[in-house]
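J.: Sequence:
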Amino acid sequence: MQNNTKDEISSSNNNELSSQDIEELKKIQSQMYLFLEERFCNNLKTFKKYYPEIAKRFDVYNPVKKFEFFCTQNGIPNLFFTKDNEFFYKTEDPIAFCQEEMDKFLSTAKVQQTKYLQEFDPYGQIHFKYSNQAVAIENSLPRNKDLLIKDVKSFPNCLMIGCGLGYHLARLYEQVEIENLVLVEPDPDLFYASMFAFDWSNLLEYLHESEHQIHFIIGAELDQLFLELESCYTKSGIFLSGSWFTYIHYINDETKKTWDEIKKHYDQLHEAIGFFDDHLFATSQGIELINNKHKFVLKKPLKKEYKDLPVFVIGAGPSLDHDIPFLRKYQDKAIVIACGTAIDSLYHAGIKPDLYVNLERTFNIGDSTLGVIPDKKFLQDIIIVASDTCHRNTLKYFKNSAIFAKNDEPFFPYLTSYYPELENIQEIKLSNPVVGNAGLASAIYFGFENIYLFGIDNGKKIGTSQMHSSFTTLYSKRGVVDNAGSYQIEKVLPGNFGGQCESSFFFAMSGHNIGFLLQMEKLNNDKLICHNCSDGIFMENTIPTHSDELAGEFASKSDIDKHKFSEYLIGEKTAVLHFPEHAFSKLFDSEKFNEICKKSLLMLDNLPDNRSDYVKVMVKLSKYIFELTKYKDTFYYGSVLNGSIQNLFILVSRALYHSSEETKCIDGANRIMNLVRDFLTEAQVLFSYLPDYAMWDHRKYFENGLVGKDTSYGKAPPFPEKFEIIRTEFDDPLKTFVKKYD
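Residues 1 to 742, numbered by this note's numbering, are exactly what the sequence shown covers, in order.
Think of the hints as simulated: they come from the structure by calculation, not from any bench.
C-beta: ideal position from N, C-alpha, C; glycine also.
It is possible that part of the hints are untrue.
As the list claims (entries may be wrong) - Below 27 Å or equal to it, Euclidean Cα-Cα: the simulated DSS-like pairs (lysine-lysine) are: (1) Lys522 x Lys264; (2) Lys562 x Lys527; (3) Lys56 x Lys630; (4) Lys620 x Lys115; (5) Lys295 x Lys632; (6) Lys300 x Lys150; (7) Lys257 x Lys65; (8) Lys620 x Lys150; (9) Lys153 x Lys110; (10) Lys592 x Lys235.
Said to hold, decoys possible - For each label pair, taking beta carbons as the anchor points, the in silico distance ranges come out as: (11) Asp146 x Ile489: 24 to 30 Å; (12) Asp561 x Pro63: 56 to 62 Å; (13) Gly499 x Glu703: 53 to 59 Å; (14) Asp731 x Tyr631: 35 to 41 Å; (15) Cys41 x Glu221: 28 to 34 Å; (16) Gly705 x Gly371: 23 to 29 Å; (17) Pro63 x Pro301: 38 to 44 Å; (18) Phe81 x Tyr713: 20 to 26 Å; (19) Thr681 x Asp408: 49 to 55 Å; (20) Gly499 x Asp561: 39 to 45 Å.
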């Protein structure tokens, strides 16, 4: 591809053209400008029809960069940047160039899809019953791993970075039916230019008639890009993000940064979408919290005298051992937050936490990590910090609680829509997937600004064997395994202090979420600082800091009046919630939920015999569920259904694109779709048990010893035995807690 400037092309043409030809070229240029104005008007009219917000934005748009349109004798508009003396397409025929580029891309672009594995169900949940049977069906289908996008001629989802002048779009749709296109153009100037050059009107009319989706993300700031991307997929169905191909139209610093940002977060779209049983557990347990008068965190600002205090957020990672001497010495000079099993570590290290953070909604965490502490007085003056999903078996060990409203669960937002006074309760975000995330999120949403992470390793240094601190008896003495399941090593990631760390899927997600939470919250508070003293994986937006470097600073700090702080937290920063009698039974209407499920089932009747229309059925149901979440009286019902439906739809989509033989793929997809129907039928039964569906107590509804009903493709699995975390008895010699300073 030649890299000619406008002057060079003009000079070249002048050497070869007669004066008559030059006059003809001027005439062509003049006609081109008339054509561009007419096309812009037509495009603007069509955008007003289908995407009025884009039409409004670009109707009176003023480009940041100076550019003009230019063409050679072929009359095809190209874009010329006057300041840089450079063409956007460095070729004399931009349309032919874009067609060739797209053809070249599609000649090698492979089908990419998320693959789910069978999951162990420790608690008796129908979500896993249906998901595991769907995975088994999908695994039984012969898959062509070299399948190309062009071989299947339709595909659920394309992520396109770069609009340019839009010429490549026509070529793409000529060869592949794209059900859902997300177009990310970091430069609004280029999109504006495309409205003059490309026939958007024709494309948008085609997409509307064929019921294909297109979403535009134009000029988004990098720190908002993922949220906009998530919004696009949420509207049409998160399942679409599980099947994708990415096309980058042009390369410059902006598109590189855009792609890097998307790569960082893309998997998060469908990796943590929640599921039906978990939502029912969370709802029932949240209602118990309220009825039992546990205190919730108020949104009121943290007092200035506490906002500036250092906060130690402590996990049980292996590097904690190195920092124990520092933490012992300065534990009275910081608010100490123990995350999950770190309370076991700190008890045995002689460090007294002020707050204990619990992430899990499970029933057995309390007895396994708290019940094993010999000195029962140790927990009495520690405040438990949790979300509204917490199980009573964990709360029973503490006198005082500080409960956050979990923003990615539907329960509390649903309550708030009916009781606006609950807007005074502080929500918590990105508190998953491991308890270290909840620890950091708690510190941030309490309002602390000076945070230090210890033992939040999210992995282990290469060449070492421990996944947890040696002070944690749960792993060192009680037989709990930390080399399988969530701890299964899958990744090698950069270390916080250099070198490399081995990490798992969940730990890598945890590190990502820590960085993303800090990125988001720093936008609201530029005083927020997070030092990462853990010798684990590197996490963005934290400051790698050795504890040795902090000794001088902390030696000069005064001790904190911890008793006064606790009294403030209990007396001013938290409050009990009061609800009218029978409020909850009215809010969770099983008849309304049944109607929604039955309407959803009707949408799955008479399934089509081609891929494109099959995906449209899933989009239609996904849009219906999304619409439910927009209204206060149906928000909860749509929210509890969505995660499991999207999970199953991802598996249906995988089945649709196993091979180029469409008929066989449809047969496989139909088998999984039958499981979706079964799920929507059985979900109605479980919903009727609300608000009495707390985890493990829910087994009373499965008296036959099976997890619900048989499905279209298998028997219901046996209800699991009570899941015991501790495998080995240990007579802990430390019967009484001893606080240590050295």
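J.: Now tell me if each hint is right for this structure.
T.: Right, here's what the structure says about each hint:
| no. | hint | result |
| --- | --- | --- |
| 1 | Lys522 x Lys264 | holds, 18 Å |
| 2 | Lys562 x Lys527 | holds, 24 Å |
| 3 | Lys56 x Lys630 | holds, 24 Å |
| 4 | Lys620 x Lys115 | holds, 23 Å |
| 5 | Lys295 x Lys632 | holds, 25 Å |
| 6 | Lys300 x Lys150 | violated, 56 Å |
| 7 | Lys257 x Lys65 | holds, 19 Å |
| 8 | Lys620 x Lys150 | holds, 25 Å |
| 9 | Lys153 x Lys110 | holds, 12 Å |
| 10 | Lys592 x Lys235 | holds, 22 Å |
| 11 | Asp146 x Ile489: 24 to 30 Å | holds, 29 Å |
| 12 | Asp561 x Pro63: 56 to 62 Å | holds, 59 Å |
| 13 | Gly499 x Glu703: 53 to 59 Å | holds, 55 Å |
| 14 | Asp731 x Tyr631: 35 to 41 Å | violated, 57 Å |
| 15 | Cys41 x Glu221: 28 to 34 Å | holds, 30 Å |
| 16 | Gly705 x Gly371: 23 to 29 Å | holds, 27 Å |
| 17 | Pro63 x Pro301: 38 to 44 Å | holds, 42 Å |
| 18 | Phe81 x Tyr713: 20 to 26 Å | violated, 59 Å |
| 19 | Thr681 x Asp408: 49 to 55 Å | violated, 27 Å |
| 20 | Gly499 x Asp561: 39 to 45 Å | holds, 40 Å |
The structure does not agree with the numbered hints 6, 14, 18, 19 stated previously, though it agrees with the rest.
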